[in-house]
Amino acid sequence: MPSTSSAAAPRYTTIPISGVDVISRSTQNLSTSFSRCRPWPEYLAATAAFDLPSSLSAAYARFRRNSTYFSVNYAIIITACAAVSLIGSPIALLVIGFVYFLWLILYFFREDPLLIWGHQVGDWTVFVGLVLVSIAAFWITGPLNSLSIGVGLGLLISVVHGVLRNPEGLFLDENDAVSNGLIVSNSKPTAPGTSGGRILLNPPV
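Counting along the sequence shown from 1, when you hit position 190 you're at 190 in our numbering, and nothing is skipped either side.
Hints listed in this document are in silico derivations from the structure and should not be mistaken for laboratory results. Since we're looking at a predicted model, the values are computed, not measured. Check the hints yourself; a few may be wrong.
[Unchecked claim] Cβ-Cβ distance ranges computed for the label pairs, FRET-style:
1. W117 / A49: 46 to 56 Å
2. S35 / E168: 33 to 43 Å
3. L164 / W139: 31 to 41 Å
4. T27 / F127: 26 to 36 Å
Even for Gly, the Cβ is constructed at its ideal location relative to N, Cα and C.
From just these sequences and the hints, can you work out the full model?
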């Protein structure tokens, strides 16, 4: 299940809004996150774009850059593998899919306080509630083994791609590079290696 870079800790507005508006804004945030998915032809690339890193440190640096650049793609792949692993149990697929959606909307992509019947629900309460709902869903449907295999396969595919895909020539949005600690934000003019607000990922790996 995706964890994509786009899902940060909730940062809330100070003006409470209705529960419907909270869900609507969370859905918009989720949609915006999916819009950052890199083109799949770029993800697959040509055979020449894949090679072995020169060392373990180079492999780590390469994976870090690729996981930042292709974070949404990796999240989609892990989610797809998890969904495929549950195809044999349609009820489990629907239940787990709904619980996963609740996590995305009510926790990972929520920016506003959650109000229920005029009372604000704290982050810890939301988290505990989602954990309990998740446990209940797994207990009732019992797909843990299959789901673990699917998620594990998705993670394996993502790690292998992240290590073997040479990031030379990939461009990263400046805001994404700053948020992931790859560059330091400053107000100076565009530096060499950048172009139109994008950072060229061109490491010696």
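Hints and how they fare:
For W117 paired with A49, a C-beta distance near 54 Å keeps the hint of 46 to 56 Å intact. Look at S35 against E168: about 25 Å separates their beta carbons, and that is not inside 33 to 43 Å. Distance hint check: the CB atoms of L164 and W139 are about 39 Å apart, consistent with the given range 31 to 41 Å. For the pair T27 and F127, the beta carbons lie near 20 Å from each other, so the given range of 26 to 36 Å is not met.
Comparing the model with each numbered hint stated earlier shows that hints 2, 4 do not hold.
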